[in-house]
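Number of protein chains: 2
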Amino acid sequence: MALLQPILNIAEILHKKGVNHALISPGSRNAPLTIALARHPGIQAKSVSDERSAAFIALGMSQNLKEPVVICCTSGSAAYNYAPAVAEAFFQEIPLIVLTADRPKEWIHQHDGQTIYQTDIFGKHVKQSFEIGADYSHPDSVWQIERSVNHALNLAMTEPKGPVHINIPLREPFYPLENEEVRFSPRARDIKRIKPVFQLSKEDWTEIIEKVIDSSRILIAVGQEELNSALSEVLAKIQEEFNIPVLGEAISNVGLDSISKHDLFLGGDDSLLKPDLLITIGKSFISKSFKTFLRKYKAEEHWHLQYGDHLIDTFQSLTQIIPVSPLDFFSKLFADIDYDNFRNGDMEERDPEFKNIWFERELKARKYVESFFQADFKTESFNEFLVIKQFMEGLPDNSQLHLANSLSVRYANYIGVEAKKKIEVFANRGTSGIDGCVSTAVGAAISTKKPVFLLVGDVAFFYDRNALWNRYLPENLRIVLLNNHGGGIFRVIDGPSKLQELEDYFETVQSYNAEKTCQDADIEYVKVNNNEGLMAKLSLFAENSGKPKLLEVDTDSLVNTEIFKQFKAGFKAV
Amino acid sequence: MALLQPILNIAEILHKKGVNHALISPGSRNAPLTIALARHPGIQAKSVSDERSAAFIALGMSQNLKEPVVICCTSGSAAYNYAPAVAEAFFQEIPLIVLTADRPKEWIHQHDGQTIYQTDIFGKHVKQSFEIGADYSHPDSVWQIERSVNHALNLAMTEPKGPVHINIPLREPFYPLENEEVRFSPRARDIKRIKPVFQLSKEDWTEIIEKVIDSSRILIAVGQEELNSALSEVLAKIQEEFNIPVLGEAISNVGLDSISKHDLFLGGDDSLLKPDLLITIGKSFISKSFKTFLRKYKAEEHWHLQYGDHLIDTFQSLTQIIPVSPLDFFSKLFADIDYDNFRNGDMEERDPEFKNIWFERELKARKYVESFFQADFKTESFNEFLVIKQFMEGLPDNSQLHLANSLSVRYANYIGVEAKKKIEVFANRGTSGIDGCVSTAVGAAISTKKPVFLLVGDVAFFYDRNALWNRYLPENLRIVLLNNHGGGIFRVIDGPSKLQELEDYFETVQSYNAEKTCQDADIEYVKVNNNEGLMAKLSLFAENSGKPKLLEVDTDSLVNTEIFKQFKAGFKAV
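The listed protein sequences correspond, in order, to chains R and S. Numbered per our numbering, the first sequence spans residues 1 to 574. Numbered per our numbering, the second sequence spans residues 1 to 574.
Chain R with its partners taken away, still in its complex shape (with noise of 0.2 Å):
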């Protein structure tokens, strides 16, 4: 027989660790495993030639889906092509499944063709990285294969989750013979590995308990993080009933009404604001000022929920790494502090002047926001920033929001989601690059059915745009471009603005629009470059018409300046 059980077996294993999708990049070396993951019956396969577009839409589909997600490729350059999206997956713990073939270690650098070194070819990047033996005809190496592939998926579902890899070197043949029948043995191992539920002992729960009792000034503030309800609503009660304010990005889905407009109004004297129990969850942080606020003031203690022991000190004030889940960890918080207060008589209420300071500060900021685009729409000169506040306000409850690096995922943060949407918003923040925001885009789309809305520059747009070269674009997928022909946030920050490089080192200016690409893959294109109308094409562009849309806001670098520069000095001098 010319296949190989062993490899065969791979895909068996690993759809009964939980994997549905593969992502196939063409190739010969690969072939046996693209033969098992596409005649697998529990895996849908698809093919998606760029590599490194492959593997940003895997990423987007197994953030959607919540499960892990193969990426599969041939041997030589072909990984490293999968690089920038596994340093992605690494750093936002998504378990990313990446098996490269190879040839057999006799081979590597023999002047013989698609060979490079690709053992450890991610370094830290991944969680671990698996290397099989070329040999699949001794028990040993059979059971090598089993536990390995057990291993790595175990590993990369475990949390922190994230990507793992797995060399697979294989020889010819690499194809079965003709009417060859292709089984998958049901024997194949899922060694199981039982989740653990993280707890806290009696004593230091009790002290947590304790210190945030005595804390006046506390502050929970929640980085890039997933849509959950049942978090939302405790954060909610939190802030409410404890007068303990929430503060949340646009990629925190924090789902409350929290603060939200801390990068406009931080950056003066802050010191009122200072936490002296700052309470963290998520990954990162978009805002600066956010960042430079809590270094310069820093908070006495700083507790982060996490479950890995990777040791992560952003604000340079962290104390204390606390490995539960943000849902059980406030749910607790909220039950016992509420029980002492019933205990108590609720006399001990917290006094809520630290929130109040937050807030009025917040809601100047809302309102100093909202006076300013009721200024300046219809009258003003067409900029991108009112073209994203109205989109942004205009996107249906229950949508999704990808927002790109770097300009757009900045706008977007200025202006915020309405809690009450349950819209769910993405973004790279990983390594923040701009590499493949089209593709995860591509890759939730394909996930969900919910409407998918990528905002856009268009730097990352043209980027990325093998995103859109296969066939799988979905009906729900809603781009909108922010087009002015270069590198837009070089002209929004200090540096190089002034600089006789800027437009051709740092803004790079360049010539294209979207349209022929809209055409070469079939999407809906619209255009638009001015006020007028602009209301009606954003609802039309939001609603169904059974195919992929691009929307392209055509605008002036030169004016969108201005515009943000007055956005800026404007509210300073409120």
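Check the hints yourself; a few may be wrong.
The list makes no distinction among identical chains, and a pair is therefore deemed to hold if it is satisfied within one copy or across any two copies.
Stated by the list, open to error - The calculated DSBU-like cross-link candidates involving lysine-lysine, where the alpha carbons are at most 30 Å apart (straight line), are:
#: 1; residue 1: LYS516; residue 2: LYS547
#: 2; residue 1: LYS105; residue 2: LYS124
#: 3; residue 1: LYS547; residue 2: LYS527
#: 4; residue 1: LYS105; residue 2: LYS291
#: 5; residue 1: LYS367; residue 2: LYS298
#: 6; residue 1: LYS516; residue 2: LYS527
#: 7; residue 1: LYS274; residue 2: LYS105
#: 8; residue 1: LYS105; residue 2: LYS296
These are calculated hints, taken from the structure and not from any lab test.
Use these hints to put chain S onto chain R, whose structure you have.
Chain S alone, transformed into the frame defined by chain R:
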């Protein structure tokens, strides 16, 4: 002063070490390097947004200019997008100088933007990776920067040449003060490494000469190699006067009437072709038949000429590495044996039998190729193999031909390039990836006044279409796109062509044609989909019209496969 003098001096040292060109990808973290490279009067800097493409463009430039070319990117996943080209440069021994900006070490994996593990990120695919400290104030740090840049450049330019990586952590501020003057210190140190001349001892040389004189069945085979007229001349004399057959493939630039149709004629009973002594130069061979032949009929002795000490035993018969230049080796070999013959009254002329056997096969194959196309042209169905034949015959003298992976380079290898035309042939056969073939050709076209022709299939073309997304496309660029709407190679090779997965997972059928891509990139577009007027179109296409051009050859993949099968089967039947 805001900008750091040691960072500015990197540009000065680079220029002193022979760098005249840099490709910068825009970013903020790399701003100090961008400013240094852009303002240095001796360095021409270009800005290309997609790092994957930028690195391959630089590779094409370095290959042509025969000097080190710098690529420079910001921190984060940007560096990983360089990796495919870095691996290609490593195996093709091209001195790519990779400068990656980084956050200072203390900010790695701390949930701060654009930060990944960049140390040693290219693994074994650079000659060395250098890491600079983030402190530029201590004199020892300045010394470290100077010597590291010197070390890196010396290493990149030492045989075997190759890519080097310098990781450069930078702290804010990244930008000069307004009106701050940027000065390059002429005292920045250039620590030279004198280039050694590789010579052999008298004893070793005597042994070599004796062995050559004593062997009656010698084959000289040339893998991927640069065009070198002096070498071509001496090889031609050795073949002619010593009756030693020389074998060279399309990418060997062997420049003489050598054995070139081996991919077609090897594979039957080849026992009479077995050499006693095999002498090889250059890098990889394309022809699988040739590799299989030599692994089956192993030479008693196999000498490979290479500078480095990495042991590459492609044919599993290597007996001796000879670390001298091919030109020196063969020139001296010819001179010494010629003198020996003269001294001996030219009586001991080598028996031409072995050469004759090789050339009989060669001539039969050549005749077959000619007759196959004679029969086919104009009357037969339109197919890409025929177009390649016409195209390659029509190539102007002294032009460049870039062959993309993977079907294009294989097709072209059957047809070959006429020696007398002095056409330089390139292909990314270091890793044989499809990921940068277009960009490499763009880099070449930027660096030469010769017409640069690229022969590329549709998968490789669209994969790397960002090669065309920059402001530097020169008028001497000519792309011949073989569009069979999928990975045609998978229909041609035996294994997958019979699988149910062929179309969906191997060929990966795609519907794009290049017209819109060309409109976006301002490239003159011509399409051919039948034999009529093909010759006229090809010759018009080769002419200069002040703009880059693309000729799209739209064929049916079923017809192509059929013709190619006929071609191969027909020869066996002869």
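Within, between, both or neither: LYS105, LYS296 at alpha-carbon 30 Å: between (52 Å within a copy, 21 Å between copies)
Same-copy or cross-copy closeness of LYS547 to LYS527 [CA-CA at most 30 Å]: Intra 16 Å, inter 29 Å, cutoff 30 Å: intra and inter.
Up to 30 Å CA-CA - LYS124 versus LYS105, copy category: Close inside one copy (22 Å) and across copies (14 Å); limit 30 Å.
Homo-oligomer pair classification [LYS298, LYS367; C-alpha up to 30 Å]: Intra 28 Å, inter 83 Å, cutoff 30 Å: intra-copy only.
Alpha-carbon proximity between LYS516 and LYS547, which holds within one copy, between copies, both or neither at 30 Å: both (16 Å within a copy, 20 Å between copies)
Homo-oligomer pair classification [LYS291, LYS105; C-alpha up to 30 Å]: Answer is between; shortest inter-copy Cα gap is 18 Å, intra-copy 47 Å.
Up to 30 Å CA-CA - LYS105 versus LYS274, copy category: For LYS274 and LYS105, only the inter-copy Cα distance (28 Å) is at most 30 Å; the intra-copy one is 57 Å.
Up to 30 Å CA-CA - LYS527 versus LYS516, copy category: both (12 Å within a copy, 17 Å between copies)
Hint check: no violations occur; every hint is consistent with the structure.
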